[in-house]
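**Q** Below are the chains, spelled out letter by letter.
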Amino acid sequence: MLAFLIRRLLQAVPTVLAVVLVVFVLFSVVPGSIMSSMDGDGRGATDAQVMERMRKQLGLDDPIYVRFGAYISKLAMGDLGTSFRTREPVTSMLAKRMWPTLQLIFAAMTFAILIGVPLGFIAALRPGSLADTLSMVVAVSGLSMAKFWLGLLLMYLFALKLGWLPSFGYGDGGLKYLLLPAVTLGVSPMALLARTTRAAVLEIMTADFVRTARSKGMSETRVVKWHVMRNALVIILTAIGLQFGALMGQAVVVEKLFSWPGIGSLLVDSVLQRDIPTVQGSIFVVVLFFLAINMAIDLLYGVIDPRIRYS
Amino acid sequence: MLKKIAIVAGLGLLLSAAAEAQTPRKGGTIRMTAPYGSSFSSMDIHTTQRAQDEIYAKGLHRSLYIWDSAEGKPVPELAKDATVSGGGLVYTFRLRDDAYFHNGRKMTADDVIFSFNRIMDGSKAYPGARFVRVIKGAAEVEKGQAKEISGLKKIDDFTLEMTLTEKVDPAFYFWNALTSIYPADEAVKESFIQKPIGLGPFKFVEHVPGSRIVLERWEKFYKPGKPYADRLIISVMGEAAARDVAFRNKEIDTSVLGPAQYVAYQADPNLKGTIAEVAEVFTRHMGMNPSFKPFADKRVRQAINYAIDTDLIINKLVKGKAYRATSWLPLTSPLYDKTMKPYAYDPAKAKQLLSEAGYPNGFEFEWTTSSNESWGLPIVEAIIPMLAKVGITVKVKQVETAVLAEVIRKGEFQAYVYSMASGPDPAAALKCFYSKTPPSACNYTNFNNADFDKLIDDAGQTDDGAKRDQLLKKANALLYDEAPVWFFNYNKAVMAVQPWLKGIQLNATELTHQNVEDLWVDETSPAK
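Top to bottom, those sequences are chains A and B.
Take the first sequence: its position 279, counted from the start at 1, is 1437 in the working numbering, and no numbers get skipped.
Take the second sequence: its position 78, counted from the start at 1, is 788 in the working numbering, and no numbers get skipped.
Simulated from the structure, these hints should not be mistaken for lab results.
One thing to keep in mind: the hints can contain errors.
[To be verified] When the alpha-carbon atoms are kept at most 20 Å apart in a straight line, the in silico EDC-like pairs for lysine to aspartate or glutamate are as follows:
{"id": "1", "chain 1": "A", "residue 1": "K1319", "chain 2": "B", "residue 2": "D978"}
{"id": "2", "chain 1": "A", "residue 1": "K1254", "chain 2": "B", "residue 2": "D754"}
{"id": "3", "chain 1": "B", "residue 1": "K1120", "chain 2": "A", "residue 2": "E1210"}
{"id": "4", "chain 1": "B", "residue 1": "K905", "chain 2": "A", "residue 2": "E1246"}
{"id": "5", "chain 1": "B", "residue 1": "K834", "chain 2": "A", "residue 2": "E1210"}
{"id": "6", "chain 1": "B", "residue 1": "K960", "chain 2": "A", "residue 2": "D1330"}
{"id": "7", "chain 1": "B", "residue 1": "K853", "chain 2": "A", "residue 2": "D1219"}
{"id": "8", "chain 1": "B", "residue 1": "K834", "chain 2": "A", "residue 2": "E1246"}
{"id": "9", "chain 1": "A", "residue 1": "K1214", "chain 2": "B", "residue 2": "D831"}
{"id": "10", "chain 1": "B", "residue 1": "K1238", "chain 2": "A", "residue 2": "D1219"}
{"id": "11", "chain 1": "B", "residue 1": "K1146", "chain 2": "B", "residue 2": "D1174"}
{"id": "12", "chain 1": "A", "residue 1": "K1254", "chain 2": "B", "residue 2": "E900"}
{"id": "13", "chain 1": "B", "residue 1": "K899", "chain 2": "A", "residue 2": "E1246"}
{"id": "14", "chain 1": "A", "residue 1": "K1305", "chain 2": "B", "residue 2": "E949"}
{"id": "15", "chain 1": "B", "residue 1": "K1141", "chain 2": "B", "residue 2": "D1174"}
{"id": "16", "chain 1": "A", "residue 1": "K1254", "chain 2": "B", "residue 2": "E916"}
{"id": "17", "chain 1": "A", "residue 1": "K1214", "chain 2": "B", "residue 2": "E850"}
{"id": "18", "chain 1": "B", "residue 1": "K834", "chain 2": "A", "residue 2": "D1219"}
{"id": "19", "chain 1": "B", "residue 1": "K853", "chain 2": "A", "residue 2": "E1210"}
{"id": "20", "chain 1": "B", "residue 1": "K1120", "chain 2": "A", "residue 2": "D1219"}
{"id": "21", "chain 1": "B", "residue 1": "K1146", "chain 2": "A", "residue 2": "E1210"}
{"id": "22", "chain 1": "B", "residue 1": "K834", "chain 2": "A", "residue 2": "D1220"}
{"id": "23", "chain 1": "B", "residue 1": "K1099", "chain 2": "B", "residue 2": "D1021"}
So that you can see chain A by itself, here it is in the shape it has in the complex (with noise of 0.2 Å):
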């Protein structure tokens, strides 16, 4: 398993270089600047003297490659850069907004897997019934349902309506502030894995040694729980591991609506006001909490499937 993670491992590091790269590029050619973001809500133009200098002192004059090295050889050395915006540490700035994202995408996942998993192997057992349709039309729902809008939704009904949560913010970070947008974020993964499985556990059903083991006269449970569930499992669970990573953007919408202190909003301010350093930095936590997540996954596939060999 070592070997194995060590080869995992490895080859990350061509993708991770290559977001770096593609990021950086990216950043360097489009137009606008942590300056003329400064003079985005038009209460008086930066001094043009102050913007030379911030220019020299960001080093944004410098040629392209000689900014990526630099910026290469800081990252080697786990350091993310100064944020232009507010002239702090990355790496302290992401730090902070670590723990609040991950909080939601823990919550959402959570989220997404009671629901959507079960729906999924419901609809699944009784292929054509009531129960399949109305979780297929929840599965359908979720999937289509904007974010901002289902937001919305939920910020009318349970707060305003209801009373039941409040509408927005972090509050002591606790279960109340984070259920409306954990469920927000949750729902469109929700839908995917009990898609997922609905079909995962359908093509099983009709699979040899489903039929084998039911004409040993194994019981229905029997053969759900060993056969079904347990082949279906590694498929829903690339799912999840991929929705697990996939989290990690949408989150960003879901952020800004509830004023969630994650790092998807620190993103979107941080490209709205081209605070380079802190864009990259964001983006390169998402890539690695992405890879990470997959190795994970890739582990686990052998504990659920031992025929799963590391080799």
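Following the hints, put chain B in place on chain A, whose structure we already have.
**A** Relative to chain A, chain B alone:
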């Protein structure tokens, strides 16, 4: 006059005389919102000139002067008063001797000198440098040629002499948060940015980046009995729809409204009384680049002004959330000229002017715009058919707001549409059209008119206040006739304010910037 304008412009039940006459209640929590993004830029207010950041800075920090919304001008704050000598260039400030930083130390002239020297640190490029540069010797510090600003001299702990490089009113230079006074001993520490210390009515408690700032009453604040509230919470809420739900749900006390919400709130009997509005010192306009041949001709620029049905756009698209511009200086400017009339909607006159200018069949130009709902793409799209009527074809180029600022500054446009500060200092606002002001500063339309320059020069040289005002008014009128821009509107800032929050000031420089020590909440506030 400004007071009258503010009263006319700003209406709201909670602002009624009856409410103001109540005895302010001590205690409670004020819950404001910061609506311009998903976070605050920095806890070091010297580094940021964003409107968003000054919202919290109003609680934490103080400068030599402060904006007085009722008076419509900056008034002494940390400076008690100033005597002028040296031909209008030397100001001797008597500083407050009762202002304590949040660490308990009394402010002295050393802190003022330290703060201004800090702002002029060229290696840090603080945006407030553009204000402090008016002090003699400040530019040398910025360039690294001197260590201290020579124009600042401590007479004693509470007396400071300031020598300026030009005859200006320092009040307009040292009133906003960019020139906040920091404690000399604390601001050099790295921890300062994490836990800022200021002279404001509230002291720092916590900052949850991307969510909120919490401040609590500073007991040693120098205004007796103030602030009234125990706590001030400023929540970052960039999404208007989310703010709307939170406001209706009584979770926040203030919410800035956009055009659509402005209409909805006016139509809702429960919310109508919560609206506070003021004409802010921002002029929305379409700038025309004279290096694009048709726009070099005054008649073409005037034709554009005649060809656009501005009132229709303000009423239908901006939903009445704006005041028609009748020149550059806005409604709340001390030199606003109410006798001036806007360009009439007159396509025939526009066609005639175009013919006289040699464009009987019109011409085509590229119009750079952002997506802003109040002064961006929707407005441009509405204007396209109006200009087409007089033969002018528009090619739209849409960019992000941050990019638009850069495009404008570099002069890389034929026309742009933008919202630009046109106050509070009328002289500074008009100087943006002075020929020696470079386009990279704020003369975006590269305006160059000898008569205008002379008026500005004469206004700068005279010591007679009334004459100065008259000259600037003339310059403003001349600008209107020359029409370097299409005069669109002055922003009407609208904020919904819960009925239990009292003391809201109609701040024409930015409605969300409140002198928070004057705010208080009555016992009906749901916040503890």
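**Q** Does the alpha-carbon distance linking B/K1146 and A/E1210 stay inside the 20 Å limit?
**A** With a Cα-Cα distance of about 19 Å, the restraint between B/K1146 and A/E1210 holds, given a limit of 20 Å.
**Q** Given the hint that B/K1120 pairs with A/D1219, test it: the Cα-Cα distance must not exceed 20 Å.
**A** Distance ~16 Å between B/K1120 and A/D1219 Cα, so the pair holds.
**Q** Holds or violated: A/K1214 and B/D831, Cα atoms, limit 20 Å.
**A** With a Cα-Cα distance of about 14 Å, the restraint between A/K1214 and B/D831 holds, given a limit of 20 Å.
**Q** Starting from B/K960, check that the Cα of A/D1330 is at most 20 Å away, please.
**A** Satisfied, since the Cα-Cα distance of roughly 19 Å is no more than 20 Å.
**Q** What's the verdict on B/K834 and A/E1210, does the C-alpha distance respect the 20 Å limit or exceed it?
**A** Between B/K834 and A/E1210 the Cα gap is close to 11 Å, so the pair holds against 20 Å.
**Q** Is the straight-line distance between the alpha-carbon of B/K899 and that of A/E1246 20 Å or less?
**A** 13 Å, holds
**Q** Measure nothing beyond the straight line between the CA atoms of B/K853 and A/E1210; if it is 20 Å or shorter, mark the hint as holding.
**A** 12 Å, holds
**Q** Mind checking the alpha carbons of B/K1141 and B/D1174 for me, to see if they're no more than 20 Å apart?
**A** 19 Å, holds
**Q** Would you check the hint for A/K1319 and B/D978, treating anything up to 20 Å between C-alpha atoms as holding?
**A** 17 Å, holds
**Q** Next pair to validate is B/K834 with A/E1246; report whether the Cα-Cα distance is within 20 Å.
**A** Given pair B/K834, A/E1246 holds - Cα atoms ~13 Å apart, limit 20 Å.
**Q** Going straight from one Cα to the other, do B/K834 and A/D1219 come out at no more than 20 Å?
**A** 16 Å, holds
**Q** Just to be careful, I want the Cα atoms of B/K1099 and B/D1021 compared with a cutoff of 20 Å; is the pair within it?
**A** Measuring from Cα to Cα gives roughly 17 Å; hence the hint holds.
When each numbered hint is compared with the structure, violations occur for hints 10, 11.
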